[in-house]
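If you read the protein sequences in the order shown, they are chains A, B, C and D.
The first sequence stops at residue 326 when you use the working numbering, and every number in between is there.
The second sequence stops at residue 326 when you use the working numbering, and every number in between is there.
The third sequence stops at residue 326 when you use the working numbering, and every number in between is there.
The fourth sequence stops at residue 326 when you use the working numbering, and every number in between is there.
Note that these hints are calculated values from the structure, not bench results.
Be aware that a few hints might be false.
Just so you know, same-sequence chains aren't split out, so a pair can sit in one copy or run between any two.
[As the list claims (entries may be wrong)] Cross-link-like lysine-lysine pairs, in silico, DSBU-like; alpha carbons within 30 Å at most:
(1) K326 to K248
(2) K150 to K317
(3) K288 to K41
(4) K248 to K64
(5) K326 to K65
(6) K288 to K216
(7) K191 to K41
(8) K308 to K65
(9) K64 to K41
(10) K326 to K89
(11) K176 to K216
(12) K45 to K216
(13) K216 to K150
(14) K248 to K89
(15) K45 to K191
(16) K326 to K88
(17) K88 to K308
(18) K64 to K288
(19) K81 to K71
Number of protein chains: 4
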Amino acid sequence: MNKPFTQFYQQIASNRLSEWLNTLPAQLSHWQQHELHGDYKLWQKSLDALPKPHCDTPVEIDLKKGVFVGKQEDLNQGEFKRLENLMKKFKPWRKGPYHIHGLHIDTEWRSDFKWDRLVDHISDLSNRYVLDIGCGSGYHLWRMRGAGAKFVVGIDPTQLFFMQFNAVQHFIQDEKVNLLPLGVEQLPELKAFDTVFAMGVLYHRRSPIDFLYQLKTQLAPGGELVLETLIVDGDENTVLVPGERYAKMRNVWFLPSAQAMCAWLERCGFINVRVVNTDITAFEEQRKTQWIDTESLQDFLDPNDNSKTIEGYPAPKRAIFIANVK
Amino acid sequence: MNKPFTQFYQQIASNRLSEWLNTLPAQLSHWQQHELHGDYKLWQKSLDALPKPHCDTPVEIDLKKGVFVGKQEDLNQGEFKRLENLMKKFKPWRKGPYHIHGLHIDTEWRSDFKWDRLVDHISDLSNRYVLDIGCGSGYHLWRMRGAGAKFVVGIDPTQLFFMQFNAVQHFIQDEKVNLLPLGVEQLPELKAFDTVFAMGVLYHRRSPIDFLYQLKTQLAPGGELVLETLIVDGDENTVLVPGERYAKMRNVWFLPSAQAMCAWLERCGFINVRVVNTDITAFEEQRKTQWIDTESLQDFLDPNDNSKTIEGYPAPKRAIFIANVK
Amino acid sequence: MNKPFTQFYQQIASNRLSEWLNTLPAQLSHWQQHELHGDYKLWQKSLDALPKPHCDTPVEIDLKKGVFVGKQEDLNQGEFKRLENLMKKFKPWRKGPYHIHGLHIDTEWRSDFKWDRLVDHISDLSNRYVLDIGCGSGYHLWRMRGAGAKFVVGIDPTQLFFMQFNAVQHFIQDEKVNLLPLGVEQLPELKAFDTVFAMGVLYHRRSPIDFLYQLKTQLAPGGELVLETLIVDGDENTVLVPGERYAKMRNVWFLPSAQAMCAWLERCGFINVRVVNTDITAFEEQRKTQWIDTESLQDFLDPNDNSKTIEGYPAPKRAIFIANVK
Amino acid sequence: MNKPFTQFYQQIASNRLSEWLNTLPAQLSHWQQHELHGDYKLWQKSLDALPKPHCDTPVEIDLKKGVFVGKQEDLNQGEFKRLENLMKKFKPWRKGPYHIHGLHIDTEWRSDFKWDRLVDHISDLSNRYVLDIGCGSGYHLWRMRGAGAKFVVGIDPTQLFFMQFNAVQHFIQDEKVNLLPLGVEQLPELKAFDTVFAMGVLYHRRSPIDFLYQLKTQLAPGGELVLETLIVDGDENTVLVPGERYAKMRNVWFLPSAQAMCAWLERCGFINVRVVNTDITAFEEQRKTQWIDTESLQDFLDPNDNSKTIEGYPAPKRAIFIANVK
């Protein structure tokens, strides 16, 4: 049994997620035995080689204004260099940024911008059980914890993101923040989270309606959904299903209008459905940095008309929806 | 093991559907043991009591112009009365009509109208393996066979429709025409049918995209899909997802425009996609008869404006799409 | 999720049994939902109604010389009466005896006799993980804990025994002693216990060889098996398979000689195999008391010849075997 | 789907074994995809290269006095040579002998001797459904068919034996004789065979009692079991469980006396249990020939005392038991 998960099992055995023990250990055990990425062992080596700061006073951690861990002085020069080199093994870093003992991981996305757009609209996370579906490297998990959440779980099946999360967790060491390498379809109907986030996922699902039901079955009675997804302009009956690619992505399916998205949420039984923010993604928010080696937003748009993707669809526009279950 | 299916197993054991034996007998055996409708035994009794005509010459059957079996003279008066009484036990009769030894089963739907709208557009069914998904009582199965199909399989999970089919099969006795009480999600990827029909089903699916992939995996290379579904007016980005009810039906999900439907088909890898017919359902095609005790189209539309459903949505408009797989 | 098991899951999540989480919660969850005995709720009610002693000083518990809990003075008269009445709801009490706040549960078996016969021959249980397969009400679990075991698990599928154990645990409250309502065939190959006990079970198994392999796969390398079973006189090739009943029991299969049993153990790969005790069951050890309403040994033997069962087989003779795995 | 099994599925779809379709195709499909022996393709090539005799008159086949197929003159010299060479690819040939177009496959065992010992004691096989568990290359399957059986099924998980059977079937072409590459534990409870043979298998089973129950659940009411196994001298309580090896075989478990075997059969609910033959295996019956490259009986016995195996156990003695189910 993987040691990392042991602590998680211990915690859920005695909290309101205990029912999860019926399926989770078997799934993760199967994952460890049969599904590890070809580079997993290499990544694990890098992880194990990360430096440990040795300070007399506890390392300062600020998760309220961002993800800030310690100062550069906590490490000597050799350690800092090792930190930088090892963190670069986990490229591409998509979601962030992270500030770790003076190392600025300047990720492709300024995920803090998204956080700022939503944080004033959601229910206070204090003491809440929170689930983030499709959490990537887990940037928002830290911000949720910083906002007072009692127990934070993120899921994302991409193993590189799991490693990035573990690298950050190495420096923060907070057992109340966890990332599990799972897809949403592997979750039992827990009906146990006070807030469920699903940001940047819905348009990747072949079946958005089934996805909404999956989100619903994770929420405790009265719980709150925070859903962010790509939208298009239009009325309640406007939905774009792009061709093979949208902004060079292959797996994009349904881009509803904000109104259509609201109608879908209501159709699935959510209440208090509202749009709290819409935003056209700017180059400041998604751009190429030294922490990714791939293309970024600039390359995905029509060079002559930034209001269009390279395929001629409307450029990425995102909206944040909030809703409740009864 | 249910006798009705035995003959089917024998046939597929030696035709191109033999791979189906890996899953089908276990499914149908489970169905028989655990999933039979509460009225199943009663229905079976009615079925077993159907009269057998005793003619010197073989009964005349015409499946080309409709479903016509024999003449009233093939039965004596008592037998005819019994036939009528027993057939009424299987109400509501939705799809038809059937003409059996002089009994006219005047079903809610004139499914022959739909057949007439599509028959000139589809590939000649001669010698083809044909699958009809969501076939109801199986009216079109007979027409497909009448059009020359070599082997016809319909699937529909509604057990009353299975009984109606068996009642008709009682008089026709054609082992090349079969209805199995299954949903599409229970089919393995057979890749074996020359033509797959899916009429009046897509708008009942929560995930139309997954449904299109399911259809695709039933088709042999080069095979043809015939898809009929409710559409709305609009451009490629128009999709109606109605509220809780549409024309009093609870389980209606996606009503794309014809253009949107074509885009979806192409996105799923179908080629030669085209609309061959669109049609606003008329009262002549769907109406209350003595063979149903429930409401019909007239009750589903706004009495003051027949261009709208009672909920205010556009009244039912249907389109037929044809496409191929590579 | 059943609260009783939650604590167990928490414990094994962080000890050497953590692999068990892959299967155990799913099994016990199924058990709770689908396999509960018809009287389970009634029993649970009796359990919940057991008195709680309210002493200033902690209740004295002695598990070294027997199972002794507190004194009669810890309860008032009404409470004592309630204790007695409720404990009798769990009749028949087969294995014991228990002394609980002055109540002497005088069980059919003097299981302490068996303990005394084996205790000097087994390895010191201090700090060991111990498994008792077919543990009945769990009498020996307490004695194992009293002998220093670090973590004690008993399994027995009989739900009444599970209730009896819970009734005793109500007064002792030791989270290191647990009984799970499972059969041996439900255990994964844990290879984690230092000592495995299997007393009075082998002759109930249709396949003693498979049973020996199951025991072996629970033992950590170098671990010790303590096996007790019915034997017959004879040489290495002597094995009695009785007819439909043996001593009125229906499910008795293989009664080997001591020598044959040793040969079987060696054949299955055990080493250091030895017999440490043989004993003809005396009326003092198994007899009718007021805590059972059924027959006992006296009724199972030939009234005219106590060396024979009522069916004419040799009267019950038991041997204790000790062996190791590599 | 493997063509060889297709015909079998067709047959059982319409006979009393139709229930088998619930599990068999899925098992054999899994077998073909995941369990084929490393040499399977090579063997199949040899099989495909076997000569086809081209006679004007049908080939003469005698399955009554042995397994005799055609005459040497049916093949030309080159074909005969090819036949011999290809058949030797399937060495070792254990059970036989076979006479195929003049080729005498002189197998290690004279299985005809065993047949002669039992044939006068069993019920007439005419028109019976017969199952042979652990049938090896299938020699006795042919003799059962020769004795009038209506439908003969053999099972044996060893794939080389399956190939040997197919090689013989190539020349006989009798669809009523089939060998399936299965172990007994893979059979559903068919309760459909009139006679079940289990010869030379019981002593290889860890659990002879479970094996007897498995045999029982294959028999139709009133059906007959023909069981042959190794026995030892002794009374009802004599059972030899040898050490690691018996006659150099590793997987030998229980050798009961004839009386003990009868008691076990009765204990499992068989009636009319009787021993019809006992026989010490002679060198004439099991010996090295040019059709095996391994050792044979002579090498398994103590060279100084043929009444003992090389390990000092009693030399192989076999008994045939016949019993019925109610």
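request  = Against the structure, test the hints numbered earlier, and report the numbers of the ones violated in rising order.
outcome  = Failing hints, ascending: 2, 4, 5, 6, 8, 9, 10, 12, 16, 17.
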